[in-house]
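Student: As they're listed, the protein sequences go chains P and E. By the numbering used here, the letter at position 90 of the first sequence is numbered 90, and the numbering carries on one by one without gaps. By the numbering used here, the letter at position 559 of the second sequence is numbered 559, and the numbering carries on one by one without gaps.
Just so you know, these hints were derived from the structure itself, not from any lab. Hints may be right or wrong, so weigh each one.
Facing chain E, according to a computed beta carbon distance under 7 Å, are these residues of chain P, among others [to be verified]:
id, residue
1, Asp-31
2, Lys-47
3, Pro-111
4, Pro-115
5, Lys-117
6, Gln-257
7, Gly-266
8, Tyr-269
9, Ala-273
10, Thr-302
11, Tyr-311
Since we're looking at a predicted model, the values are computed, not measured. Using N, Cα and C, we set each Cβ at its ideal position, and we do this for glycine too.
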Amino acid sequence: MANKAYQRTYTQLQAITKATVSLKAQNVANDELATVNGKLAQVVKTKGDLVTLQVFSGTEGIPTNAEVSFRCAPPTIKVSEQLSGRFFNAYGEPIDGGPEVEGEVREIGGPSVNPYKRRQPSQLIPTGIAGIDLNNTLVSGQKIPFFADPDQPYNQVMADVALRADVDKIILGGMGLSNDDYLYFRHTFEAEGALDKIVCFINTTEEPPVERLLVPDMALTAAEYFAVDKNEKVLVLLTDMTLYADALSIVSNRMDQIPSKDSMPGSLYSDLAKIYEKAVQLPAGGSITIIAVTTLNDGDITHAIPDNTGYITEGQLFLRYDSDSGKVIVDPFRSLSRLKQLVQGKKTREDHSQVMNAGVRLYADAQNAKTKLENGFDLSDYDLRCLDYAKEYATRILSIDVNIKIDEMLDTAWELFARHFSPAETGIKQSLIDKYWKEQEA
Amino acid sequence: MNTQGKVTGIVSNLVTVKVEGPVAENELCFINLNGTDLLAEVIKVTGDKASVQVFESTRGLKNGDSVTFLGRMLEATLGPGLLSSVYDGLQNNLATMEGVFLKRGEYTDPLDHDVLWDFTPLAKAGDKVIAASWLGEVKEGWLPHKIMVPFSFKGEYTVKSVKPSGQYNIDTVIAVLTSDAGEDVEVTMVQRWPVKVAIGGYKEKPRPQKLMETGVRVIDTFNPIAEGGTGFIPGPFGCGKTVLQHAIAKQGEADVIVMAACGERANEVVEIFSEFPELIDPHTGRHLMERTTIICNTSNMPVAAREASVYTAMTICEYYRAMGLRCLLLADSTSRWAQALREMSNRMEELPGQDAFPVDLSSIISNFYSRAGMVVLNNGKTGAVTFIGTVSPAGGNLKEPVTESTKKAARCFYALEQSRADQKRYPAVNPIESYSKYLEYPEIARYLESVFGEGWVNKVLQAKNYIRRGREMAEQINILGDDGVPMSYHETFWKSELIDFAFLQQDAFDQIDALCPIERQKYMLDFILSICAHEFSFTDYEVCRDYFKQVINYLRQMNYTEFESGKFNEYRAQIDKLLSENGK
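Model the full assembly from the supplied sequences, consistent with the hints where possible.
Tutor: Have a look at this one:
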């Protein structure tokens, strides 16, 4: 596009903040990359001949006479089959000791898919976790985050989901990942022999926060290569999007932008949507599914980050520690997959949605009974049966360590219903009761 | 000669241009980026610097790049073929774009210039006409699409000639008009209108007088919206905003539906594309898509075009209203539109109002809502634009600027409630907090009584009162325990549950229950109120609960069966039997 032979170098900075530098320069393009004393930076603002650059690794040690040279191109990544099995940093440079990837150069953060050319998502993604498959079924082309407190095992669950999901490629975008978690992902993928279908872009907590801003676009540009060019089913894992949003607020703050709710930039919704909306079912069969993690502050979902995320994504998954069963469970009340009705009963057994609803409703009745008990009221026979049911339901269905096929989940649910309730108490359609009800031996 | 300019500053999609000549507020311009023209709109002028918002990504743009001003504002192209189309916020036809990805600087024609339309003249030579007068009509689907004197024409014209009946494309000159000054002007089937200006050309805008039926009980009966009325649906995510809006779009009694997907999920729009062509309009028996236009600017599409999308949608509605048609505009979600305003205001470094929104947010919103309404056209016929917007309040908290500003502008308020959604009581419209100001309009009350019968409004208020008292009783029971309150508390509580389960709740995914016609709503409310008026005698609260649960179950079965069918009457007989066994 631009003339590459001519590299412009400047050596006089006008202003330096923690994340940005400003200088006088000519013929600079918006979004163009530059290096400031060797550190990668990107043009975020021009005003007359004053150019502001966001320095990804921070401006520590940058002097006013730093050498700034412009690269005449926005951030890019080289895409080819060679990406498979590789680990990269936020700039797309290998961190696994392997060679540079050769391939076609693509700009990251490119245009979006024409909504008219999309297809309705319709393929089931089984994970083996009943709290997900039975109650919150995932569909290819969906975007869904885990809303989790920092102490919950969301990265482990995500790794399990990724390895069990029937997909062609798994692309991990790690933002502010602790080194331990990074190694956990790496070892898990290696141990499962899944390395050939994995691509990772990793920014750890040891690295500067602003670098994280590149990670989702890197991961999704690679995903688009596999989904659009190769018609593959791609699963993208993004962890942790809260740290990504924090990096956004750092940059906007340094640029003196007026913050909106929770000191987040006013454009937070659009910034997050640009990432999540890359999830797509393409007409030629390829798809991008996004499973993300948004860590919460003490379960607060009204904070700007989870709140905006909830309006963008197609549901959310909550993890919770259940004291009755002593297990971490997928919370059946607050979790939601908005696309589940596209596959339930269509790609799964006919009784799926009725069993799911009945199971959750009875579990809710058990919660009411529990409240009654706590408030010192007497429990009826029904209440007591609900409590027994709830304990078993949490252990055998909701717990994240369950790994069974969907038909088994349904059979387990029928078994629990029959043990604790009469057919009428489940409220399930008579025709399904006739077919699936399991009489218990007394 | 158009005004030229040069780029002098860039922050994201806000570009500063040094202009050499006159520019107008809201004027459009093309910014040339290596041969690609990026469309932008002037939003502020200071001295010789114009701030323009670019409707595309500005990646790669440089200071010094050339800008050409177009001498016009953002316009909608209006003519036959708008219905069943899918546009982006700037009215580019998304269906005719090539490739899977949206390309920067690709603009497609909103209307098909090759299709031939069956034209019938309505005016004849010698007729005196003014802007918006009907000259002829074509059949668009089953709708009579009027070809009108362009809205931009000023003063009176005399028709010189009109094309005879026949098949023509939209560019054919179908009439020649002579102005007062004796000049001849040609009129085709297409006209253009700036989207941010309301279309006039009608005689008066009276208060709304009729109900717009939606088939949703909690709206039509409890909080009715008028034809030409305004309403809004605020709610946290996951409360069923979109499902409710789609239900209204599917069932709303209107000739034309325009859906503006403004900064929302692309997959939701895909759902409309894939489902609407299969669905049948319950009022006419025709395919829903034939009466629907979709303006789609999903959340990942350029922010500035998001703001334009709601205006484009409103302009299309006003155009059909001028034909004497009833239009319904649904915008999901107006909060995203407000956020687009906030992003721009922020980049222009304006002093912020509450939550960093621009200070004139409230006036922008009320100005937009005021474009809805019922009108009497110059020929005495009426047309209407009914507008329902959704609001996505941050954190589900209704005390935020967009909800508060909208509350001042809209006349109906459908508050979606998290706790109702958690209990799967859909639609999760809070029956107490929600309101319709139209219930207080004497002309609407008269209309309702003419449709539903004498004393209707009182019945509705009575039902609301049962709900309110039921809520109070529920609190008492929670505090004092089941045994700690008199039996009448339980009875009152269960009466409100009965209204909730059998009337307020409605299954949007059930073939029969999804759409409840007016007749049926009247029947059910009358029946339910008669149950509530029944004098029961219970000795035990558990008996009372089981009794009402039974009644509720039969009422729900009635909702799921065809109106006044054998099964339906059987369920009713079961309830009558239960009633005869207890009290009087």
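Student: Work down the list of hints and note, for each, if the structure agrees.
Tutor: We went through each hint and held it up to the structure:
1. Asp-31: Interface hint status for P:Asp-31: holds (4 Å vs cutoff 7 Å).
2. Lys-47: At 4 Å from the nearest chain E Cβ, P:Lys-47 passes the 7 Å test, so the hint holds.
3. Pro-111: 5 Å, holds
4. Pro-115: 4 Å, holds
5. Lys-117: Interface hint status for P:Lys-117: holds (5 Å vs cutoff 7 Å).
6. Gln-257: 6 Å, holds
7. Gly-266: 5 Å, holds
8. Tyr-269: Given a least distance of 6 Å, the restraint on P:Tyr-269 holds.
9. Ala-273: At 3 Å from the nearest chain E Cβ, P:Ala-273 passes the 7 Å test, so the hint holds.
10. Thr-302: 3 Å, holds
11. Tyr-311: 5 Å, holds
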